[in-house]
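From first to last, the protein sequence lines stand for chains R, C, Y and H. For the first sequence, the working numbering puts the final residue at 461, and the numbers step up evenly by one. For the second sequence, the working numbering puts the final residue at 461, and the numbers step up evenly by one. For the third sequence, the working numbering puts the final residue at 461, and the numbers step up evenly by one. For the fourth sequence, the working numbering puts the final residue at 461, and the numbers step up evenly by one.
Just so you know, the hints here were simulated from the structure itself, not pulled from any lab data. Keep in mind that this is a model prediction, so the values were computed, not measured. Check each hint, because a few of them may be wrong.
No copy is singled out in the list; a pair is fine if it fits within one copy or between any two copies.
Here are the simulated DSSO-like pairs of lysine-lysine, each with C-alpha atoms no more than 30 Å apart in a straight line [as the list claims (entries may be wrong)]:
id, residue 1, residue 2
1, K235, K448
2, K291, K411
3, K411, K92
4, K207, K150
5, K448, K59
6, K76, K448
Residue strings, one per chain:
4 protein chains.
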Amino acid sequence: MIDRYTPECMKKLWSDEARYERWLKVELAVMESYEAYGLIPKGYSDLARKNAILDDKKISEVEAQVGHDVIGFVKVATSNMGDEARYFHYGLTSSDVVDTSFSMAIVESANYIISKIDDLMDSTFALAQRYKHTPVIGRTHGVHAEPTTFGLKVLNWYDGISRGKERLTAEIKRIGVGKISGAVGNYANVPPEVEKLTCEKLGLAPANISTQILPRDLHASYITVLAIIGSEFERIATEIRNLQRTEIREVQEPFTKTQRGSSAMPHKKNPVNCERIVGLSRIIRGYALSAMEDISLWHERDISHSSVERVIFPDTTSLIYFMAEELNRMITSLVVDEERMRSNIYMTGDLVFSERVLLKLIENGMSREEAYLIVQKASMKVWNNESSSLKEALKAYVGDIDLNDAFDLSCYLKHVDDIFKRFEGRD
Amino acid sequence: MIDRYTPECMKKLWSDEARYERWLKVELAVMESYEAYGLIPKGYSDLARKNAILDDKKISEVEAQVGHDVIGFVKVATSNMGDEARYFHYGLTSSDVVDTSFSMAIVESANYIISKIDDLMDSTFALAQRYKHTPVIGRTHGVHAEPTTFGLKVLNWYDGISRGKERLTAEIKRIGVGKISGAVGNYANVPPEVEKLTCEKLGLAPANISTQILPRDLHASYITVLAIIGSEFERIATEIRNLQRTEIREVQEPFTKTQRGSSAMPHKKNPVNCERIVGLSRIIRGYALSAMEDISLWHERDISHSSVERVIFPDTTSLIYFMAEELNRMITSLVVDEERMRSNIYMTGDLVFSERVLLKLIENGMSREEAYLIVQKASMKVWNNESSSLKEALKAYVGDIDLNDAFDLSCYLKHVDDIFKRFEGRD
Amino acid sequence: MIDRYTPECMKKLWSDEARYERWLKVELAVMESYEAYGLIPKGYSDLARKNAILDDKKISEVEAQVGHDVIGFVKVATSNMGDEARYFHYGLTSSDVVDTSFSMAIVESANYIISKIDDLMDSTFALAQRYKHTPVIGRTHGVHAEPTTFGLKVLNWYDGISRGKERLTAEIKRIGVGKISGAVGNYANVPPEVEKLTCEKLGLAPANISTQILPRDLHASYITVLAIIGSEFERIATEIRNLQRTEIREVQEPFTKTQRGSSAMPHKKNPVNCERIVGLSRIIRGYALSAMEDISLWHERDISHSSVERVIFPDTTSLIYFMAEELNRMITSLVVDEERMRSNIYMTGDLVFSERVLLKLIENGMSREEAYLIVQKASMKVWNNESSSLKEALKAYVGDIDLNDAFDLSCYLKHVDDIFKRFEGRD
Amino acid sequence: MIDRYTPECMKKLWSDEARYERWLKVELAVMESYEAYGLIPKGYSDLARKNAILDDKKISEVEAQVGHDVIGFVKVATSNMGDEARYFHYGLTSSDVVDTSFSMAIVESANYIISKIDDLMDSTFALAQRYKHTPVIGRTHGVHAEPTTFGLKVLNWYDGISRGKERLTAEIKRIGVGKISGAVGNYANVPPEVEKLTCEKLGLAPANISTQILPRDLHASYITVLAIIGSEFERIATEIRNLQRTEIREVQEPFTKTQRGSSAMPHKKNPVNCERIVGLSRIIRGYALSAMEDISLWHERDISHSSVERVIFPDTTSLIYFMAEELNRMITSLVVDEERMRSNIYMTGDLVFSERVLLKLIENGMSREEAYLIVQKASMKVWNNESSSLKEALKAYVGDIDLNDAFDLSCYLKHVDDIFKRFEGRD
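Go ahead and model the full structure; you've got the sequences and the hints to work with.
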């Protein structure tokens, strides 16, 4: 966890303190469940709750001695208990506690992230609405293609982010499971009904089946979904970076009054926040691979996933949260230059209308092949500065066919409202 | 595509021939839709269908000349057409055809894979049922933990595979979209209703919004799901490999009468098929990364994803299909040695019952801490060959506490049926 | 291996036929070595060479039957031999043959690649020389920074490619090892001197120590080096793509007379070849991961690396070769617009000279802080169209300080020759 | 940086404090160089050194305000200076300072790692020596192959580690470069001789050519080399894990007197340290991919690599250091059971001598094919418990051929000393 990119909520969520609290929550829920089934003396879970001690430092000390974190935790937690201590962690294996509470933490992390994604969706949709009809050149291969609107560009971002949210929501359901099934998952010393009731108390579903642990495809799936969301954020950030290029300059990241872009060149205003988002998405893609390598554990479990998860879960969830927040900040305050968007469309004269001309010629009875060759030839003259405009260059080939309305922006805007209508109810 | 790992159905699905056939299907569906809306002359789509020519070789020749595959395709396809040629590919951009038909191919690939996964689920469930109550030692960290049953082990595989199927089924729905929205996705020259009708004809849903292409998070998501499925296969294959170790020898891959395991050592029977599955899963994890890097394209599209997809889609779908088929073959004919499973449980005397003893002592009023230290101390004597069994070693510490029923297998089997019941309806 | 991206030399190198030929070469070299040490009858290696039969089809048939490729090969190869057959593959394990000949193939692949890299270095250096002094704007963060020359840009590519070549050359030395050490690497049935002599005959060094196989860090290292070279190619291709943007248009990929850029928009000329290079580099990065996962094999070897290598070695070497060839083609015929390069420098008036102004002011006694704020304030006026130029905007702040020579290009060119001199001897 | 895996030296090396100190070192070296060439007033570098202020907190404050870390640093560092402040950071761009000092840090990190690798090589070589002649079964595919010695196994580890050290040493040379070449790398405001002298003072070589920054293939290459080293560590850790399996139990991780293996099962002693090493290697492989994605930056630089490097350099170097240290601890105190190694060899009777028998039969004039089929048939009888030993089973086939010395261990040991001799001079 690098401080710079770690939000407070994640710092807290993944702290030792919070982890021990979750562990205690699980242990106590298990005791309550035992009690509910009459398997341990009545009142013991209350006693345990009252007498439990959580002390990070002491736990660390015992852990250092016994080489096992849960044993450290159990020893410290029960150190002030009476007879109820005998039924604390009773019939459990460490992973019953660790994995079940890990699912709780993951769900919590996902909910934090979703709240940031919701903010981002709001600002993105608002931006799309604001520039719904603002013409902008569409670019494919980095080369001018045909006009579209800036609102559509941004609506496309919105759509991508919302797919991310959908995936994340589906993951919450998948990972929202616990296991209280003992050392190898066969309930040798804790009955299935205790698992069921415990999970219910903790807001989780019981796993269909488990080994000592929950299966790691659940965790890998969560991280890959975050990696895909991160890559989607990267797509948006890359678009902003590209549109902020000096030669394009259609949008700009917000730049504060006291901000400086370069220690050497006082004129600089750089899209550094978007560049950072791009970088961070690379880290998460790498983590996705580590997470997938964790799936194939040996037999009823080996612990090789544990060190991986200690790093990638706090890091990935923090980074995605941070990226969503940053992107939201960018999008909320994005500086948009509508004038420049319009003038860029005409930067190449009227070349970007070439498809419309092609279709006009076909409608006028020309074959696609013939029409294409004519429009291409005329276009190349414009590219080569041998003609001032496509319209001009075409004259030599098309005789008196009236091509005027091929050079009109309206055609590119006429279905914008139709597309936005699909997202109705959203605002 | 490496021949060795490519099934016939995938070879066909990803062939140039099949691709051109899908492209034609899309082009004709678009013409039908235009016709349905009265936008092109009646009967033209039928004419086009009748006169269309698909000739791989000629298409390749034109492609070499114009440097564009779809243009090559359109030129050849329309080369025998009359006036209807003018409305072939009318108002479309290449990606309308390529991306929509790519979704069709992906869905088809997923369905092939699912049929193999279904076979695998059948054989896995049958294996689980067959050895439902067969005791086997559960291993954590590669070290004996507690007894469980071989049926439970296999049922856990089944559960993992079925999660894979669920994910894949969800992906089919996501990727099952087409786009007929033109060069930058704003329907400048083809109306949204044509997209809607065309997609319907092709068994797809129209995308909410598109650029020149469909968003690549859809494709990345498909590949990552296959990578997770591959990693799950790897987990199963790794388990078989481990159980086939000479020292364990509880299961064996089928070994044919004429098979030879080594050119040097005639005694060898190696789990080579499972090792191959493990290797192939590594390739797919790598492809997942490539797929995720494809998401962040520039502006309304750049074509950098295309070369990636030409490699990873045929390869990944072939490999997963091949792996499912191979794994199914392994599981169907797996040689299981129940006798050895049972004797391995007792390989360390009675050490694997240590948790039961611990709990017995706690039930008898001992504190967890005290009980643990006693059982650990006694266990270490057994590990160090200072005592012949845990039961023996404990005598010095526990006095007359009766621990006999701690050393009984039945406790580890008592909930097996409960677990299997959760999968009822399955068989 | 996808046909589209596989050069003939690699197709041949990685064919079954070539593989069997290499195996035979190793087997015969071993026999010669045995003979040299008097361990088998004189003349037997010659007999074996004369009587050896290589028949792909038959080998495949036997392989299908025995489930082992080398056994298939040995059976067919010796099928026409007399008594010398007894000493064919004598004392060897399959991997002695397979791994040693694999190293030969890898070295050969590397040499093919290096020959293409040499071509690419030639064309890149020539391009750098040609535009050594052509001013172009340097861009950081996509935003105009300070002028530099196009020759320097390209020389930087050259330097990157040459580092790639150096790394590859180092890898050849590392991977250029063989092992003839038997089933577990201890020379139980073949003496070390046979390994030494055999390797010598094959142009390899003997491995320091081996298990059944050569250690896989060698192979992973080779693939990661290719992935880094691929990423370097991607950097160059990305630069060309960016410089070909409509708004920048300083360079263009060659575009043939009959080429077409889009099926819909006849005006398009897209950097598709460079985009493809970018895509292919993503695949190779993925393969690097698979290769690294191959390192950690079990005990004296498991065969999980084999299926991985069957895919990634032919693919990676083919792709890098193809990319080098394509990039060379791009660079050789790159269309460079020097006029546009010059005019782009002045696109923002004289903002790009801001650092020179800053330093002038400091030289004139102003503090860095004060000078920075002044130049930044003036620059912002130019960005905001409140002033026509930095020089103009500065007047209000700097009084009579003469800043004229801050706005001169020569300063950015004065060390160009010094830098090129470092690469002298190159041409 | 996760505390648990971060050694003190790395914590310090990558701290803000140390970073600022390195920056200052670079800035002052530049001033000294300027002074040496008479470009700034004499004595100014001394003054700057004396008056420079480094205050993390203040720097953070200014950074928050200006959005730029180096500007924050320069403002604070010069806040107590006199006129010499004008020549602090004079003619430099931030990356001159940041990247040059980053190389210094990387080299330092590499040296720390090498010192740990040296320790590890010592302990590994000592272990190899200690068990040089201890017979152990060699395993391929997890199945018994032929005997070898434990010393050879470990010597193979040693060889792998030493290749890692070689690679790392080569990387130090590559990454050990600085750049003081200004905003776009053309020495517009700082002459090449200042770069040269500065780098010399800092123990670096000047880069051949640079943009605003050093090329990122250098950094990617460093991380991939660490990933390969990590994977090699994983190989060793995996071997220990496998040899510690209950069924094999030939070695064991050290287990302290107060250690506990499981909260549930007091009998457990698990190879958790080696499992952790395996997990950590997964993280580093993921980082390798992030590092390679950093190579393809835009134009003269974009800053997307920066956030990646802030995470992966501290993490990767810390993890590798930690892993080397841990592995060293494991290897130094590895518990080796020679008795069990010997008895495991004979676990399958005498099957593991099958190749020796095969060769004996060939030597006796039998064809390879015939001999193989006989030995395989006999071996299968042993596997199937139809015969008590290979020697016994063979009797029916081989008549009076004397096979006795085929069943002798000495053959597998006879070249052990030869192999060790290659590493002579080492100890």
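Do the hints match the structure? See the list:
no., hint, verdict
1, K235 with K448, "between (54 Å within a copy, 25 Å between copies)"
2, K291 with K411, "between (50 Å within a copy, 10 Å between copies)"
3, K411 with K92, "between (80 Å within a copy, 24 Å between copies)"
4, K207 with K150, "both (19 Å within a copy, 26 Å between copies)"
5, K448 with K59, "between (58 Å within a copy, 28 Å between copies)"
6, K76 with K448, "between (72 Å within a copy, 26 Å between copies)"
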